[in-house]
Structures are given as structure tokens and as C-alpha cells.
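Single-letter residue listing:
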Amino acid sequence: MVVGGLREFALRRSGDGSPALDESNGEELMHVQPSVAVALGSRSVESPGTLYITSRKLIWLSDVDVAKGYAVDFLSISLHAVSRDPQTYSSPCIYTQIEVVEDDEDDTESAGVLELSKIREMRLVPSDATQLDTLFDVFCECAELNPEPVEEEEEEESGHNWVFSADQMVVGGGGEEDAEWQISQSPTSVIGHSNGGDESIAQPMLELRINDQRFDDAEEMVHESETKDH
Amino acid sequence: MLFFSYFKDLVGQEVTVELKNDLAIRGTLHSVDQYLNIKLENTRVVDQDKFPHMLSVRNCFIRGSVVRYVQLPPDGVDVDLLHDAARREARGG
Numbered sequence: 001m002v003v004g005g006l007r008e009f010a011l012r013r014s015g016d017g018s019p020a021l022d023e024s025n026g027e028e029l030m031h032v033q034p035s036v037a038v039a040l041g042s043r044s045v046e047s048p049g050t051l052y053i054t055s056r057k058l059i060w061l062s063d064v065d066v067a068k069g070y071a072v073d074f075l076s077i078s079l080h081a082v083s084r085d086p087q088t089y090s091s092p093c094i095y096t097q098i099e100v101v102e103d104d105e106d107d108t109e110s111a112g113v114l115e116l117s118k119i120r121e122m123r124l125v126p127s128d129a130t131q132l133d134t135l136f137d138v139f140c141e142c143a144e145l146n147p148e149p150v151e152e153e154e155e156e157e158s159g160h161n162w163v164f165s166a167d168q169m170v171v172g173g174g175g176e177e178d179a180e181w182q183i184s185q186s187p188t189s190v191i192g193h194s195n196g197g198d199e200s201i202a203q204p205m206l207e208l209r210i211n212d213q214r215f216d217d218a219e220e221m222v223h224e225s226e227t228k229d230h
Numbered sequence: 231m232l233f234f235s236y237f238k239d240l241v242g243q244e245v246t247v248e249l250k251n252d253l254a255i256r257g258t259l260h261s262v263d264q265y266l267n268i269k270l271e272n273t274r275v276v277d278q279d280k281f282p283h284m285l286s287v288r289n290c291f292i293r294g295s296v297v298r299y300v301q302l303p304p305d306g307v308d309v310d311l312l313h314d315a316a317r318r319e320a321r322g323g
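First to last, the protein sequences are chains A and B.
Heads up, the first sequence is in my numbering, so the first residue is 1 and it goes up one at a time.
Heads up, the second sequence is in my numbering, so the first residue is 231 and it goes up one at a time.
Worth flagging that the hints you see were computed from the coordinates, not collected in a lab.
Keep in mind that a hint or two might mislead.
[Stated by the list, open to error] Calculated lysine-lysine pairs in the DSS-like style (CA-CA distance at most 27 Å, straight line):
| hint | chain 1 | residue 1 | chain 2 | residue 2 |
| --- | --- | --- | --- | --- |
| 1 | B | LYS280 | A | LYS118 |
| 2 | B | LYS250 | B | LYS238 |
| 3 | B | LYS269 | B | LYS250 |
| 4 | B | LYS280 | B | LYS250 |
| 5 | A | LYS118 | B | LYS269 |
| 6 | A | LYS118 | B | LYS250 |
[Claimed, not checked] If you want the ones that stay clear, here's a sample from chain B, every Cβ over 12 Å from chain A, calculated:
| hint | residue |
| --- | --- |
| 7 | SER235 |
| 8 | LYS238 |
| 9 | ASP239 |
| 10 | VAL241 |
| 11 | GLN243 |
| 12 | GLN264 |
| 13 | LEU285 |
| 14 | GLY294 |
Keep in mind the model is a prediction, meaning the values are calculated, not measured.
The beta-carbon is built from N, C-alpha and C at its ideal position, and this holds for glycine as well.
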């Protein structure tokens, strides 16, 4: 199963040419918008086509070329908006950003599928601009239907890895929970003891033994919510 | 649900949302849901050179999972309250 990004899609039902859905997994059609053009990245606009919005993904099928179509899961759509400024783009459209998974290997030599998966922006231009707000709302609904999948282990009470309790780190004194310093007063571990000389001046220093595991180096990443400074 | 409740209280305020792809969008927080999906109004893009297409966008929906930071108005945050609430939630589960 291809994870993430825009991809080609050409599975159509033989009857009405609508896209074949994964109904066994609960995918259903939410909205159909005929007469929609699509512009991928900086490529020129492609039309005419029909936009099918399902509960899982967005599908654009060409009205004239049965082999041409694109699909992207709502899981991969980072952002969507209505774009109306004629100076930025000639027609009002739904502007979307697609989350692209960065590949370590540079596969840009292969044409076709891999290039599609690198597309970061997609514009959908309905010939009927009055439908833009409706389309925007449908996109919102479908995004809400596709939250990040939660892995089973995160459901455990103790499985959560975030560090945000003062019990796990000391920030500015910790309030009512003072650190429990263990101060060793054993004379055998006194440091800074002067060799001979005037002992009334040289006060013996106490060696601090901090055995509390709270002060061990953190093994996990600290949540970054406190580090941004504006 | 702590941050969901927290963001609900911030509706109507100016925030800047920074996405994981480095795009930063400033706007009025219109609404937020339990997945921390965010709807912004009166948006303007902080770095216009990288995403010129965003210039004409005024309202947008941002998927919660792609948000890196939400920058809040300094007087919109009671840091101590939030700190305590987060601590309680982490303990109480």
C-alpha cells in the first residue's frame, strides 16, 4: 500500500465511470463535483475532469482520458483553503498542500509515479466558482474523518512517552516539590580539605551525593513546547 | 484533551501556526477540534517567497498532525496555569 502523497488513479467502474472505492473498508462517496480542472504543483492545468470526494481520499478523473486520474488520501492533505485573488491565480480555486514523505534515495530519475509523489501543491478549479465554499466544507469534513491513526501501544496508561511532568524534570525550583538532596556528611569524603595549615579557616566542604534518578540524563526527547521564544 | 480545551479558549485571538514544512501562517483562530485541526481566518503568510500561492488565501484549514508550533499571543497565555494543568493531566492520565 502506497503511503502518502499524490498518486495516479484510474480504477473506474464500468457502468458510470465513477471511481472504484474500497467499500469493504468503509470508504464512501461524500461529494461529486463535475467540471473541475486540476493543477498539480507548477504544472499547467488539466481539464476537463470530475472531482470525487470520498471519506478517505480525493480523486480527480479526466472526462476525456479514461486512463488519467489522480488520488490523494486526506491523511496526506496538510492544508486546504479557498484561493480567490485573481492576481495570484487566474481562477478561484481550492488550494491544497500535500505532505510529501522525503526519500533518502534520490529517485527523481524515474518519471511518472515518483514525480507525482513529490507534488506539494494542488489546485482544484471548479468551473462553477460558487461551489468553492461547499467544496471547502466537504474537505474539512473529510479531514476530520481521517485523524492520525493511533497505534495500539499508545493506548496504554504508561505507554505515553511525553515528558511534561515536573516529576520528570526540574524547572526553576519545582515549587512545592523540592528536590531531595542527599548530602553526605561523612568525614571520610570531605573534599577541599587543606593539607595541614590552619583548619579554622578552611571549612570542610561537603560532598553532595545525588543518587536520585531524576537527575539522570534524559533518554527521551523533551517536548519542545517551551523552547520557542518570540 | 487539555490543549483542545486550551485552544478553544483562544478562539478569536491572533496566532501564528508553523507547519512541519516550515510554512508559517498568521491568522485569527476560528476553530479547533479534538485532533487539533485548526481553522484560521484573515490569514497572511509569514514567508511569502516560499509559498506564493498562499498570498490569495484568506481562510484555511490546517491538519493538526502537520503543525509544528502554534505561537500564541503573550498575554493570551497563563503559563503557570497551563503548566499546572499539563502536570495534572500527565499524572491523572
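> Of the hints stated earlier, which fail here?
Replying inline: Of the numbered hints, 12, 13 and 14 do not hold.
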